[in-house]
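*Asks:* So the mapping is simple: the working numbering equals the position in the sequence shown, first residue as 1, plus 116.
The hints are simulated quantities; they were obtained by calculation from the structure and are not laboratory data.
Any given hint could turn out to be false.
Heads up, simulated BS3-like pairs for lysine-lysine below, C-alpha to C-alpha not over 27 Å straight-line [unchecked claim]:
#1 LYS174 - LYS160
#2 LYS199 - LYS188
#3 LYS189 - LYS133
#4 LYS188 - LYS160
#5 LYS178 - LYS189
#6 LYS133 - LYS123
#7 LYS188 - LYS178
#8 LYS174 - LYS188
#9 LYS135 - LYS160
#10 LYS174 - LYS189
#11 LYS123 - LYS174
#12 LYS124 - LYS135
#13 LYS124 - LYS178
#14 LYS164 - LYS188
#15 LYS123 - LYS135
#16 LYS178 - LYS164
#17 LYS174 - LYS164
#18 LYS164 - LYS133
#19 LYS124 - LYS199
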Amino acid sequence: MYLTQEKKDEIFSQFGKDKNDTGSAEGQIALFTHRINHLTGHLKNNRKDFNTERSLVKLVGKRRALLDYLTKKDINRYRAIVKELGLRK
């Protein structure tokens, strides 16, 4: 499995306050980004996997919604997470 509990703990400890801070917007955005990168690689090899493509589009939408929320709530946190993850904008 590509996303083990240890990997989740690592992501949340790096981007959240600690490994148990799974509700922070930054932690969720980082987790979605990791999943999006994995699914993108999968779709490069399996072009006709439309179920995965749909899941990818839904994940991108969820991440976009969290980024929009963070923009409205605290623009400095938004800029920090976008820069750290290397997202566009």
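*Asks:* Now look at each hint and say whether the structure bears it out.
*Replies:* Hint check results:
1. LYS174 - LYS160: Distance ~18 Å between LYS174 and LYS160 Cα, so the pair holds.
2. LYS199 - LYS188: holds, 17 Å
3. LYS189 - LYS133: holds, 18 Å
4. LYS188 - LYS160: violated, 34 Å
5. LYS178 - LYS189: holds, 16 Å
6. LYS133 - LYS123: holds, 16 Å
7. LYS188 - LYS178: holds, 16 Å
8. LYS174 - LYS188: holds, 21 Å
9. LYS135 - LYS160: violated, 31 Å
10. LYS174 - LYS189: holds, 23 Å
11. LYS123 - LYS174: Holds, because 22 Å separates the two Cα atoms, which is no more than 27 Å.
12. LYS124 - LYS135: Within the cut-off at roughly 8 Å; holds.
13. LYS124 - LYS178: It holds: about 18 Å lies between the C-alpha atoms, which stays within 27 Å.
14. LYS164 - LYS188: Violated, at about 37 Å.
15. LYS123 - LYS135: holds, 10 Å
16. LYS178 - LYS164: holds, 23 Å
17. LYS174 - LYS164: holds, 17 Å
18. LYS164 - LYS133: violated, 39 Å
19. LYS124 - LYS199: holds, 20 Å
Hints 4, 9, 14, 18 from the list above are not met by this structure, while the remaining hints are.
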